[in-house]
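J.: Residue numbers (my numbering), protein chains in the order written: chain A, 795 to 1117; chain B, 795 to 1117.
It should be emphasised that the hints constitute simulated quantities derived from the structure, not laboratory data.
One or more of the hints may lead you astray.
Any copy, or any two copies together, can satisfy a pair, since identical chains are not distinguished.
[To be verified] Derived SDA-like pairs: lysine to any residue, alpha-carbon spacing no greater than 20 Å straight-line: (1) Lys816 - Trp1084; (2) Lys816 - Asp856; (3) Lys973 - Pro1085; (4) Lys973 - Thr1037; (5) Lys832 - Ser1016; (6) Lys832 - Thr987; (7) Lys900 - Tyr1078; (8) Lys896 - Gln843; (9) Lys944 - Arg924; (10) Lys944 - Asp1056; (11) Lys896 - Glu1025; (12) Lys973 - Gln1081; (13) Lys990 - Tyr1021; (14) Lys832 - Asp856; (15) Lys900 - Arg847; (16) Lys973 - Glu962; (17) Lys944 - Ala1114; (18) Lys973 - Thr874; (19) Lys973 - Thr963; (20) Lys990 - Glu1025; (21) Lys816 - Lys900; (22) Lys973 - Lys1077; (23) Lys900 - Glu796; (24) Lys944 - Glu846.
There are 2 protein chains.
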Amino acid sequence: MEYSAIGIDLGGTNLKGTIIAKSGEGRHLTRIPTEAEKGGAQVMQNILQLIERLIEKEGSTDNILGVGIGTPGFVSEDGTVDGAENLPGWKGTRLYDPIMEKFNLKAVGANDATVAALAEARFGAGRGVRNMILLTLGTGIGGGIVMDHKLFTGTFGMAGELGHIIVETNGLQCNCGLKGCVERYSSATGHVTLAKQFCAETPADQQTPFTKFVTEDPDNVSSRTIYQFVEQNDPVALKVHETASDMLGRLVGIICNTFSPDRIILGGGVAKSGKIITDTVGKYAAQNCWPMIWEKCDLVIAELSEDAGVLGAGAMVFDAFEV
Amino acid sequence: MEYSAIGIDLGGTNLKGTIIAKSGEGRHLTRIPTEAEKGGAQVMQNILQLIERLIEKEGSTDNILGVGIGTPGFVSEDGTVDGAENLPGWKGTRLYDPIMEKFNLKAVGANDATVAALAEARFGAGRGVRNMILLTLGTGIGGGIVMDHKLFTGTFGMAGELGHIIVETNGLQCNCGLKGCVERYSSATGHVTLAKQFCAETPADQQTPFTKFVTEDPDNVSSRTIYQFVEQNDPVALKVHETASDMLGRLVGIICNTFSPDRIILGGGVAKSGKIITDTVGKYAAQNCWPMIWEKCDLVIAELSEDAGVLGAGAMVFDAFEV
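Model the full structure from these sequences, guided by the hints.
T.: The following block contains the structure:
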């Protein structure tokens, strides 16, 4: 029998769900509000409601192998959420038991960045690649590790906290308490921080179109607007790009010396700027690891975007429960 | 039938070989000179001779599952040695073919630090541990990664180059071309470098027993002698200890955020100083990764010493060829 899986992607604003075949083809894509502000118990109710809607659209659970869930934070082996400080009351939620009770379906969960890595490995820029790492460059930096074609999440589901690897001695203070974490520089948020810092440091007689834009409209500075000025060779925007790429290159170097992966994939909003990112990050990465390891590693842009979460969540189900 | 394996440990001076049971019990331990100075072809001849002697002692190859070899450098999937710059003519050697031709035995090889990690996982401080990393603190720093109870060597056998992870921005120049590699500070060689540097920087009126020892007998400074002065609370020796531990703690923090391992094991000559090393490195590691990941990770001293190489080499054979 051709089984399918339910994939759920838990975001701060929306819950997304789909039913996917092993090939990655999805059907019945459905979105409902997460209602994170109502607390963890309501979020779990909403997840159950989303699963119910998907099953209604499918007609039955006969061909459903199980439910996969990508969530902020970590998921322990027994399905308990840890971390996820941004979702009030979500930590401590037991993910698997209510799904088994209500639908008689097995469930498997993992950190959302980890789940996205599995999606790229199965259906995206990592297809057929044995050892790969996905770095999701968004508000923060998330990491997902696929080794020997399988997701590696560590014993407690906490592996891949690559955004909080320190790349600069006594660097910028991070929310996590450490200093010099790569996500302070190379995430979308990091780009904005660097842009404001470098603009503030630019002398009055060296202002550029970019510094004027940042000064006049600081709330509209984003990684995307920064790269519009990078394309115009604005020197201050270029400095943001070089600094952020240097720091990310250091992380890529550390990843190379650690895993010697076949491929490192950059995803998330920042990666939408494309080749200029991989080219410059690659230049710095080569200065931060063994040349013979770097030679064997590709650095590429992710292929999946918004759908990575639900696809990866579904793919986890096949890995976990297919016999 | 109870199979055994041949384990070979290739060192710069000696070749060691043994026959081991799956339980880790060894027999017929044999040492012959490596004769590295005679070139790679002679080293390979010596390995074949060592295997022959072990088979003679055993009486036959009937119960021998295969041959495992730990070597400096890397071993690709087809058994070709790469790296290993310190052994002239060894790079490019094909390890597996001559063993199959001469003895009709399968062979499997890996980097020596990697092999030692498997030995700790099976027979030493990592017994029963699902995810663990061994850091071998010797002349340099080698890394070995055991995940889900299996050795992880990467697609090209090059994973685990943890000694060349950069832990200090614009730090000390390393032989590898990078700056600030952890092995420049926290290996036995790194300890000696720091000792000489800190002694040279100590003003004349602040000399200590340790600075006098280093000045009078610089050739006899070693990690071991440094820790003799650390035990006497010599302030300059303590500064070496704190600096080396800080740098190693940064690496341990990076390893934690990456793998969230159950256990990190410190081996090699430096680790013989024991608890003072794990205590101080642990203090710094806690400042370099997520607290909830660090809480779940043990930092301990290796249990096997000189025998780790042959035992791990033999253990690889069971993992690779046992059906």
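J.: If a hint holds in the structure, say so; if it doesn't, say that too.
T.: Checked hints:
1. Lys816 - Trp1084: Answer is neither; intra-copy 37 Å and inter-copy 35 Å both fail.
2. Lys816 - Asp856: within (16 Å within a copy, 45 Å between copies)
3. Lys973 - Pro1085: Cα proximity of lysine 973 and proline 1085: across copies only (14 Å, versus 28 Å in one copy).
4. Lys973 - Thr1037: Both. Shortest intra-copy (16 Å) and inter-copy (18 Å) distances satisfy the 20 Å Cα cut-off.
5. Lys832 - Ser1016: Answer is neither: 29 Å inside a copy and 61 Å across each miss the 20 Å cutoff.
6. Lys832 - Thr987: Intra 31 Å, inter 58 Å, cutoff 20 Å: neither.
7. Lys900 - Tyr1078: Neither: 44 Å inside a copy, 41 Å across copies.
8. Lys896 - Gln843: Intra 10 Å, inter 66 Å, cutoff 20 Å: intra-copy only.
9. Lys944 - Arg924: Both: 8 Å inside a copy, 16 Å across copies.
10. Lys944 - Asp1056: This pair counts as both: shortest intra-copy Cα distance 14 Å, inter-copy 19 Å.
11. Lys896 - Glu1025: neither (53 Å within a copy, 62 Å between copies)
12. Lys973 - Gln1081: Between copies only: 9 Å across chains, 22 Å inside a chain, cut-off 20 Å.
13. Lys990 - Tyr1021: Answer is within: at 14 Å inside a copy they meet the 20 Å cutoff, but 48 Å across does not.
14. Lys832 - Asp856: neither (33 Å within a copy, 68 Å between copies)
15. Lys900 - Arg847: within (17 Å within a copy, 55 Å between copies)
16. Lys973 - Glu962: both (8 Å within a copy, 13 Å between copies)
17. Lys944 - Ala1114: both (10 Å within a copy, 19 Å between copies)
18. Lys973 - Thr874: For lysine 973 and threonine 874, neither the intra-copy (29 Å) nor the inter-copy (42 Å) Cα distance is at most 20 Å.
19. Lys973 - Thr963: both (8 Å within a copy, 13 Å between copies)
20. Lys990 - Glu1025: within (18 Å within a copy, 50 Å between copies)
21. Lys816 - Lys900: Within. Shortest intra-copy distance 17 Å satisfies the 20 Å Cα cut-off; inter-copy 37 Å does not.
22. Lys973 - Lys1077: Classified as between; 16 Å across copies, 24 Å inside a copy.
23. Lys900 - Glu796: The answer is within: 17 Å in one copy meets 20 Å, while 39 Å across copies does not.
24. Lys944 - Glu846: Answer is neither; intra-copy 29 Å and inter-copy 39 Å both fail.
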